[in-house]
Structure formats: C-alpha cells, structure tokens
Amino acid sequence: MSAPITHLLDGETVTAVAGEVWSALVGEEEYLVPGYGLDGPPVAGPSAWVTVTGPWNGLVVLTCDQAGTADLTRSVLQMRADEEATEEDVDDVLRELANILGGNVKSLLPGPSVLGLPETGAAPLRASDEDTCRVAASWRGHHLAITIQGATEAPVFTTEVPL
Amino acid sequence: MRALVIDDSRAMRRIVASILEGFGYETRPAGHGREALDVLEEGWVPDLACIDWNMPVMDGLQFVSAVRAVPAWRSVTLMMVTTESEHGQIVKALAAGAHEYVIKPFTADAIGDKLALLGLLPTEVPA
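Line order of the protein sequences matches chains A and B.
Counting in this note's numbering, the first sequence runs from 1 upward without gaps.
Counting in this note's numbering, the second sequence runs from 1 upward without gaps.
One thing to keep in mind: the hints can contain errors.
Quick look at which bits of chain A chain B covers, simulated, 3 or more residues with Cβ under 8 Å [said to hold, decoys possible]:
(1) 81–95
(2) 98–111
(3) 129–137
Hints are computed from structural coordinates only; laboratory data are not their basis.
Using N, Cα and C, we set each Cβ at its ideal position, and we do this for glycine too.
Kindly produce the complete structure, drawing on both the sequences and the hints.
Have a look at this one:
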C-alpha cells in the first residue's frame, strides 16, 4: 500500500495537469483559474471519474456546475452558438475529461497502475482529508473541482453538493 | 488517405477525426476494437488507425494484436492515442505491433508531427 495522496501530489501539480488538459481539449485560450483546496466552496453539478488501481488506489473525480457542463461540452465539441449539447454529449465530454485527467494523474503516481473506464453520476463519497487532494477552480465563471481521493471501505465525506 | 478513429468517447473521435480531416484524410469512427475489426472485415482497410487503449468490449491492445495477426492488414499503420503514459504500457503496445504512440492531451501539431514521421502526411493539405 502506498502513502496517502497528499504525500504523493499537491494541488499545484494537479492544477498544472488540469491546465494542460484544458488548453488541449477545451481551447488554447481557455484558462482554469485555480481557487481553493479542500476548504473551497462545494460544486453543485454532475461528476465524472476514473479509478486508479495500483500501489495507490482511488478515484480521480471531475465535478462541474450544471451550466458549466453545457458550456464545456460546446467548447470541446466546437459546436456552433446555436447548437444545443445533448445529455449524451455532456456525459461523454465529462467522462473523457475525467479519463484524460485520470491518466495524467496516474502517470505521476507510483506504478504500475491500471486506469478504469470513466463513469458519471453524483460525486462519489470520499475518504479522509489526508488521502484527498482537491483543487477547486473556475472556468468562464463556472465552478468546478478536481478531486483525487483514496479508496476506502467506509467513505463518509462529500465536499460537493449531492445531486 | 483513409483513417479509422477508434475511441469509446464520441468527443474524442470527433476531435481526432477533425484533425485528420484537416490533413486531408477520409475518416470512419469506431467505438471499440470489435467495431473497428468489423469495419476492416467489411473491406474498408485504412492507411492509418488511431486507437484508444481503454475501451469496453475490446481494448486497443487487443485490437492491435488482432490486426497484426492478419497478413492482409499489414499495411495499416497503427497509432495509439491514449492516456496510458507509463513506460511499460508504451513498450507493451509497441511490442504488440503499434507503430506510434500519442499521449492525451495532444495538439493537432503533435498528431501532424507523428504523421510526418510515419510518412503519412498527405503532401497537399486542403485549405
């Protein structure tokens, strides 16, 4: 078993990874404005996550506020202003962003590790603060959070607003 | 030139296809390895296949091995386009028969550079 995530990664690194993902997928001129960590405001919206299984076990979770998910989808899919993103589009874009964030976070952790297939839903409950690294950020005024949280048999905490 | 874009994410298929079409490729999508094999079996053999690793039904590595087992498909250049960036995974994919490896997130220029290395960049890119 590996050390808790806070001994392996810090918020600055996660922010840097997320920034790269954002400029490659969302747009070159699109910036994530980092905000707060664990104590940052909860995000009310859907989540997408991937599991990481290896020396460190846990989830990489992306949560974005409801209006933000639609905007994000339109940007990633380069939709015209009059095009509406379907629920399926939103789900797919969130899953892929979580997948890429997860893969890049995994590369910073002790390996070898296996990445699971992405899932979506309400933000999964998490473990103790010691095994959680959360970056709250904003993009075009929308709130979002990237949380790297250790797997636990009895997850009890949630920072985000339950759906 | 023809390219098969294999990824379980519709968003990623759209992004990769759009980049390749910008380089002059005709593209077809597939949501996983099995669906991609169906395309090859129906006779649509591309010059290039861009392959995600983690997919349901049949993953990218299984697809690479399946393609390499068929002599008629030897001409297909296989390029992994994936979040799997551990050295061991890259070695595994190349050993299975992949020619190139692109790690997500990527830029259009990164794909263009790989295509140039592979000699698969059409000389006349449409305006």
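Against the structure, the hints:
1. For the region 81–95 of chain A, the stated coverage by chain B is satisfied: 5 residues place a CB nearer than 8 Å to a CB of that chain, which reaches the threshold of 3.
2. Coverage of the region 98–111 of chain A by chain B holds [criterion: at least 3 residues with CB-CB distance below 8 Å; count 8].
3. As drawn, the region 129–137 of chain A meets chain B at 0 residues by the rule of a beta-carbon pair under 8 Å; below three, the given contact is violated.
Consistency with the previously given hints fails for number 3 only.
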